[in-house]
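Engineer: If you're matching them up, the sequences are chains A and B in order.
Numbering-wise, the first sequence is residues 1 to 304 according to the numbering used here.
Numbering-wise, the second sequence is residues 1001 to 1583 according to the numbering used here.
Think of the hints as simulated: they come from the structure by calculation, not from any bench.
Heads up, some of the hints might be wrong.
[Said to hold, decoys possible] In silico EDC-like links for lysine to aspartate or glutamate, alpha-carbon gap of 16 Å or less: (1) K196(A) x E1040(B); (2) K196(A) x D1048(B); (3) K1096(B) x E51(A); (4) K1099(B) x E51(A); (5) K110(A) x E138(A); (6) K196(A) x E1114(B); (7) K157(A) x D212(A); (8) K237(A) x E208(A).
Just so you know, these numbers come straight off a predicted model, no measurement behind them.
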Amino acid sequence: MAYHSIVCVKQVPDTANITGQAMKDDGTVNRAALPTVFNPEDLNALEAALELRARFGGTVTVLTMGPLNACEVLRECLYRGADRAILINDRRAAGSDTLATSYILSQAVKKIGEYDFVFCGRQAIDGDTAQVGPQMAEKLGIHQITYFEQIVDLDGKTARLRRNVGNGWEVLQARLPVLLTVIDTANEPRPSGARKIMRYKRARVVDEVAKDVTAGMPEAGEKAQMEERTRRVEALKADGLLMEHWTMDDLQADMAWCGVSGSPTKVHRIQSIVLKKEGFSEIPPTEEGVKRMIHELIVDHTLG
Amino acid sequence: MANFFNDNEDIQFLFEHMNLAEVAAAQEDNFTRTAGAGNEYAPCDAADAIDNYRRIMTIVGDVAGNHIAPRAEEVDLEGNTLNEDGTVRLSEGVAKNLKVLAQADLMGFTLPREYGGLNCPNLIYTMAIEIISRADASLMNLFGLQGVAETIYAFASDEIKKEYLPKFAVDGSTGAMALTEPDAGSDLQAVGLRAWQDTDGQWRLTGVKRFITNGCGDILLTLARSEPEIKDGRGLSLFLCERGPRIRVRHLEHKLGIHGSPTCELVYDDTPAKLIGERQRGLITYVMSLMNGARVGIAGQSLGIAEAAYRVARQYAHTRKQFGMAIERLPAVAELLVDMKVAIEAARALTYETSRICDLENNNLRVMEFNKPTDPEELKERRANSRTWKRLNGMLTPMSKYYASEMSVRVTNEALQVLGGSGYMTDYPVERYLRDARITTIYEGTSQLQVVAAVRGVCSGAFEKYVIDFEQINYDNPELQSLKQQLVEGRELVLKGIAFIKQQGAEYMDLAGRKLVDAAILVLVGHLFLQQAVANERKARVAHRFINVNMPTLRRDIELVCSGDVSATQQFDTIAGPPPSGF
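Kindly generate the complete structure, drawing on both the sequences and the hints.
Structural biologist: In structure tokens:
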């Protein structure tokens, strides 16, 4: 029996390579100043969906909400074997916190309609909240299993799944559809496939085509640009290279739940902590030395 | 995230400065192919093709750095295991590596797109081999066996191609070339494994093969004697057979290095097989072609191992403090490191140039075979090019294999020296690199055999013609121009050596061959470095050091060549004495 999966992915600032002014004055991330990467655990989520498809058949649809640049992660998904890629991009969605984001994504999942699994990375490395997946499950009214590692058993209606609980694991049973948040120990995400990269490097959403046309033929009039744009979009469609682009209207979203107005989260206070190294102490490798060190660590509350 | 392509400045430099547009145009028939299976990912022009190459190499760099390299130590320690039923269990790391290479679509690297391949030129494949080998040299022996698929593509029937090529490119099957036997190593004409036809006309193979890399693979090309009455190479044909109960692995070799690569002794028990191409052409045409590609592959492998060793040595020398300073500032260590770096870049220049010319030759042959031009002028030009490139490759391929592999053994050895006592310990990977490098001067033809092949190219005029072309280049920079003058002197000396050798006869050619080939390579690489130096100031310093350090060696080599000394053969019994007893 085949299963249909939806994978939610996010383009995030590469926090492993911080450069420039990483944080804005209001304490939010300055995305423009940072190089972007595919959120690492979302790659685990995608891999889990691709492995599921390889074992049982079905489809893998990927979904991302973000600026036009986020199409890069959608293409990355196509390079790894996703069947369908959808960008959710709308100025009215800008400034969404986890509550608004989970609302918008759950509306998109409803629009896709038929699905058995929603895979999310456990958390994104920019906000580290781990809230979007669970909030989506609540809004969709389906079961959620967080810290997912492995499928134990599947019978078409229910799934038995292993989740990591930190110092061990437990096996849970859930009715389908189910939402899983995937952690990095679940699998080894595959690299991009060379054949797919050569094919899908040309995949675009309509707005990207428009941008390319404007940049490529700035002298041409509006009419000529429109014609060129239509021609390119039709060509992409014919080659199966046009990615979908959904707006809030496509999702029939209640605007009160979206963007800044739908986001109750406010940054309360920002603290810049600079860790200073203040000398070092040498511990003699004796019973006495170790005892003294442990005592010191307990006194300054590092231990206990 | 490590990326072994993006972090390698010299490979990046060559990627930018070698004429990839010309190579891509030859590989893609000037971008005229549009219809047909697999062409939804065909490039539309040179820029598109080069963009594809860069993207493919970025995947290779990612796979090497993030998937393969972290498992290399474990693969080396664990090795592979022979099961009782004559099958082989690959170490877990090797199995995972093969899976990830297949996921990345890298196992049909040079095959045409219609079979699921990437249709990459040999030059890009050589870069990939180098990068994979830097991560784990032993994996290259599996990744680098794509020549098996290339041979099937070049010589087998359409039916066999359609059945087997997608298995390599899409399903991740691995191959092996089963050539050598206990009594047929360097001398493949002595192959004795029997090929015979049963009453239904089915070919069957009976006998033993030894030292077969990945002999436990899925698809084996086997050299066998189909004409029992013909005792030499003309009695041999090439056969394809699949892994199954009628091929048993009798023994897995215990080796000094490349532990991840299973080296098998195979027993063929009337194994059913399919003939590749025509009878009797197995060795003289098909295997010879396969061996040439494989030799360039070993040169790439040698480069990768040396690169890995150099990086550890440099890192160590930079951080290790003795006598109050980083040891890379000690003159003796500094010189070791600089010589290692220059040696790697020298071998890389020669190997990549060889790959580039292989691409021009192979693509020209392909056009002549499948799409012969009707224009008499073009036909004439293609025929002339074909002859030139064939002669040139006949010299450059063995030169690259010889030069890069000897370099690899030397550089890994010196890297261990830089680490001192720590390098001798298994805590650092350098001892593994040295063990892995050691095979490169031996398999796919020993250094001694490469020299025999190369010296004939040097003496046949291929060297002179090639170098004279380089000498026509005039450099604006007076320093480069004066370095070129030294190379002109070098070429004249080599020609003097050739003239002397020719008077002495074939045996002397084999005796003095190595010195003559060494001298010729120095001149060639010197010119390649000068071309690089035009684009890059650092490369000007590299060229300067390479030529100045090596010219005295060249003069000495030619002096020895022209001395006519034959004591090693003429007085062998006297000097070597009787063979040791009680050994």
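Engineer: Against this structure, judge whether each hint is valid.
Structural biologist: Status of each hint after checking the structure:
no. : hint               : result
1   : K196(A) x E1040(B) : holds, 10 Å
2   : K196(A) x D1048(B) : holds, 15 Å
3   : K1096(B) x E51(A)  : holds, 15 Å
4   : K1099(B) x E51(A)  : holds, 13 Å
5   : K110(A) x E138(A)  : holds, 13 Å
6   : K196(A) x E1114(B) : holds, 14 Å
7   : K157(A) x D212(A)  : violated, 45 Å
8   : K237(A) x E208(A)  : holds, 14 Å
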